[in-house]
Amino acid sequence: MAKADKSATMSRLHSAARLSRTALAARLLSQGFYAGQDQIMLALDQQDGQTPGQLATRLGVRPPTITKTINRLQVQGFLEKRASDSDARQAHIFLTEAGRETIRGIEKSVRKTEKQAFRGLDKKDQKALSKLLSRIEANLNGGAVAEVDEDLELED
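FYI, UniProt numbering numbers position 115 of the sequence shown as 115, with every residue one higher than the one before it.
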């Protein structure tokens, strides 16, 4: 691939990522969430009671970033911190009832954004794109390609 083609492809990759984040952020903002807050909420929906360090590792961000976002979500009434039973210095983060009630809305926003992004791509196209993106991620991480689940439920 020529250098100009690679540059154009990378530019499109950056643009698609930015546009998908912008589209999702707009949907989430209407529910009172800012960028990144949804990821913490969804991670806690999958496994409630994680520590800020566990959340940071899981989401691939720095602990200070997680702490700021957790504090904002706590002020909004979506999360609560509880001291660990075994180590009072360690906090665990839990969804509140209000937080649990917002999960379906977050998931709906994610699905709508996915549907918008993948419009016009059939299952085969989506699977191929997923494999290509896995390869790019692996190249940038310096690691092996994660296997793409052959039984993925992809929407047309």
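Read the hints as simulated data drawn from the structure, not as lab findings. There may be inaccurate statements among the hints.
Calculated pairs, SDA-like style, for lysine to any residue (alpha carbon to alpha carbon, straight line, at most 25 angstroms) [unchecked claim]:
hint: 1; residue 1: K108; residue 2: T9
hint: 2; residue 1: K127; residue 2: A17
hint: 3; residue 1: K115; residue 2: E97
hint: 4; residue 1: K115; residue 2: D125
hint: 5; residue 1: K68; residue 2: L29
hint: 6; residue 1: K115; residue 2: I103
hint: 7; residue 1: K115; residue 2: N71
hint: 8; residue 1: K131; residue 2: L19
hint: 9; residue 1: K81; residue 2: L29
hint: 10; residue 1: K68; residue 2: A117
hint: 11; residue 1: K68; residue 2: R27
hint: 12; residue 1: K112; residue 2: M1
hint: 13; residue 1: K115; residue 2: R100
hint: 14; residue 1: K124; residue 2: R100
Hint check results:
no.	hint	result
1	K108 / T9	30 angstroms, violated
2	K127 / A17	17 angstroms, holds
3	K115 / E97	28 angstroms, violated
4	K115 / D125	14 angstroms, holds
5	K68 / L29	18 angstroms, holds
6	K115 / I103	18 angstroms, holds
7	K115 / N71	31 angstroms, violated
8	K131 / L19	21 angstroms, holds
9	K81 / L29	24 angstroms, holds
10	K68 / A117	30 angstroms, violated
11	K68 / R27	22 angstroms, holds
12	K112 / M1	34 angstroms, violated
13	K115 / R100	24 angstroms, holds
14	K124 / R100	34 angstroms, violated
The structure is inconsistent with the numbered hints 1, 3, 7, 10, 12, 14, although it conforms to all the rest.
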